[in-house]
Amino acid sequence: MLGRTANGLYWMFRYIERAENIARLVDAGLRVSLTRTGSTDGDWDGVLQSAGVRDAFAEVHDTVTAANAIDYLLRDTANPSSVLSCIESGRNNARMVRTALTRETWEATNECWIELKQLLGRKVKAADLPEAIDTIKRRAGLIRGAFHGSMLRNDLYNFSRIGTFIERADNTSRILDVKYYVLLPAVSQVGSSLDNFQWESILRSVSAHRSYGWVYDAEYRPSNIADFLILNVRMPRSLAYCYEKIVSNLHYLEEDYGQRHRAHDTAATIKSMLKRGSISDIMDQGLHEFLEDFISRNNQLSADISEGYRFYQ
Amino acid sequence: MLTADNLPRPPYKTYQEWYDAQDPAHLIQKSRDAENIFRKTGITFAVYGHADSSEKLIPFDIIPRIISAREWRKLAQGIEQRVLALNAFLDDIYHKQEIIRAGRIPRALIEKNDAFLPEMIGFKPPGGVYTHIVGTDIVRTGEDQFYVLEDNARTPSGVSYMLENRETMMQMFPELFTMNKVQRVEDYPYLLRQSLASLAPPGCKGKPRVAVLTPGIYNSAYYEHSFLADTMGVELVEGSDLRVIDGKVKMRTTRGYEAIDVLYRRVDDDFLDPLTFRPDSALGIPGIMDVYRSGNITIANAPGTGISDDKAIYSYMPEIVEFYTGRKPILENVPTWRCSEADSLKYVLEHLEELVVKEVHGSGGYGMLVGPTASKKERADFADKLKAKPANYIAQPTLSLSTVPILVNKGIAPRHVDLRPYVLVSDKVKIIPGGLTRVALKQGSLVVNSSQGGGTKDTWVLED
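As they're listed, the protein sequences go chains S and E.
When you number the first sequence by our numbering, it's gap-free, plus one each residue, and the end is 313.
When you number the second sequence by our numbering, it's gap-free, plus one each residue, and the end is 464.
Bound-form chain S, shown alone (with noise of 0.2 Å):
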């Protein structure tokens, strides 16, 4: 398999992951501003942090508005991680990497691209949102549903879900990050109502609102809230399960290869840190500190990863 292969495929997934994470993140951010009285286009502000892309944002808009906040994570092609550009680079991807996928895969892929070209092409109507979301969710499912119910379990496989995770991780980090402050226990009133909505908001841009009540108790509690996100690897979007994913991805990569790389020791450490941790050493340590090293170690891992198969020389 060509280096150019593994990581076309790595960046394909990684981008779709992305694409469906900002949907989930307006998604929440316009649920704060429907059930939240009071609530202001500030409120976006933050969700634009969350997305990594406030700076940017600044750099072409004046004010936040909800219009052009949403605007601007949807279907803005001059911000790179919009859910349009996402789209565009993964499908773009794709075809580079075509000979390397299923036939359903690439056609779920083109027909993901096709709809939301057009659906994001021009303004989206607030009335229309919801609905926009739901499509752009259903896509970025139907060509995870293709891929997993068609690809070969080989090498090309593993780069893909190694692309998925590390992407994953790293949003769910950020996540967090943005909002670290209303997870800390000095400053949050347990019970009032604003921070009901803040954690809301963080549990919903995972899509973790529900189960969040299967696994602790109906009541939201900033620790449990953290320890679901970061240490529970039973909940698909934490950073245990991410770690757990992406060191078995990469241990079969090893046995098939029979090459281990930096890569290797680098997942591997972070995921005895986060099988190690209890959230209160977490929480003591600091909450934000915990969250930057971690963000900075995935990025790294990600370095690793394309150095030693390859990437790109």
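Heads up, some of the hints might be wrong.
Stated by the list, open to error - Straight line, CA to CA, 20 Å or less: simulated SDA-like cross-link-like pairs of lysine to any residue:
id, chain 1, residue 1, chain 2, residue 2
1, S, Lys-117, S, Asp-134
2, S, Lys-271, S, Ser-248
3, S, Lys-117, E, Thr-41
4, E, Lys-40, S, Ala-268
5, E, Lys-56, S, Gly-121
Hints listed in this document are in silico derivations from the structure and should not be mistaken for laboratory results.
Once you've looked at the hints, dock chain E against the given chain S.
Chain E only, in chain S's frame:
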């Protein structure tokens, strides 16, 4: 589809009966379905110079073009003769140049031609094969009357459309394939891989490793490159994946560098090796020509084959065929005026309204004048270009091309077509029964190029 007395031509008989029983609205709907299949599959091409339309569909007509087994046999014999002559010609002009010495072709025409590569002089490609894949463009003017328009001996494209057109037709109209015995084209990728592997270089030990070289996803034929790599089950590589290491061309894989034995390149000669040809090329592989010349890789088609399908050489093809095969050409050339010759230029300028004038080095239907349909001003402008650089042009009469039926909103209408059968050359010549039929969708138009609004059709060669 019809004979002079308005009866269906024999190969169309069964199809016509089926067609007459169809609901026209249903067929129009099927036409749209076909378009959706193509869009969904991403069977698109890029038109250069159109920023807004980076990916386009080639219109597909659902009425097949049908050729009888008998007519095909004659055609195939003619193509085989021509392809063998092309290879013999290439071998000769890169070695002894007997055809020049015999005075059949002017020396300047070869040696001053950009498509002639001095780097190939004295080098024999593996198996002695220069043109592994040829797409011969043919037009039909009447029963058993075929003319060769062009010999595409560099990197002929379009074969993926031949295969996808058939696939689409079988999906939409399976019953037609039980009513008509249509010869198979589906084996093409398998045959191509077999043919390429059989010409591995002498330096290759073990099972030859084949790869397709593409300029990348922005190339107009990228879909085809990925399609061929995929259906052959070989890697699709770009220049940046390849590097010359220890005298071999190797590709960068996730396990390390691995050697390639046969490279089916879809990159032009100029861009193949920046050390030998264009130094600014980012699409090629520095040093690949040295590996080639030392017998460690097969490049298909061989560099320098362009000299054989050059439009300036075309007019000499009857002599070339006769010189190397010792027989008269089975397929005719379209009569051609070489504007480099003063008499011809004079004739061409006087008869512009009845001629098609083409650039010698042009392709894709760009930069040509179709006299009968051009406006007075277009003809006058073109005459100026001709006078300025006569050697750049050749001219041909517009043939009374036969037409085939296409589906339009009002039913069936006749349109002009050409045909590009695909030929694989190894120790034998294999011609796939069928090919790509390109159709001029505009009424009366003779230009079939997809870049100029042409469409395609499935092409059936019936069994006896």
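Regarding the pair Lys-117 (chain S) and Thr-41 (chain E), is the alpha-carbon distance no greater than 20 Å? 16 Å, holds
Agreement of Lys-117 (chain S) and Asp-134 (chain S) with the hint, judged by alpha carbon distance not exceeding 20 Å: With Cα atoms ~15 Å apart, Lys-117 (chain S) and Asp-134 (chain S) stay inside 20 Å; holds.
Between the alpha carbons of Lys-271 (chain S) and Ser-248 (chain S), is the straight-line distance 20 Å or under? Since the Cα atoms of Lys-271 (chain S) and Ser-248 (chain S) sit roughly 11 Å apart, the hinted pair holds (cutoff 20 Å).
Please work out if Lys-56 (chain E) and Gly-121 (chain S) have their alpha carbons no farther apart than 20 Å. 18 Å, holds
Lys-40 (chain E) and Ala-268 (chain S) were given as a pair; does the straight-line alpha-carbon distance stay at or below 20 Å? Violated, at roughly 41 Å.
Checked against the numbered hints listed earlier, the structure breaks hint 4 alone; every other hint is satisfied.
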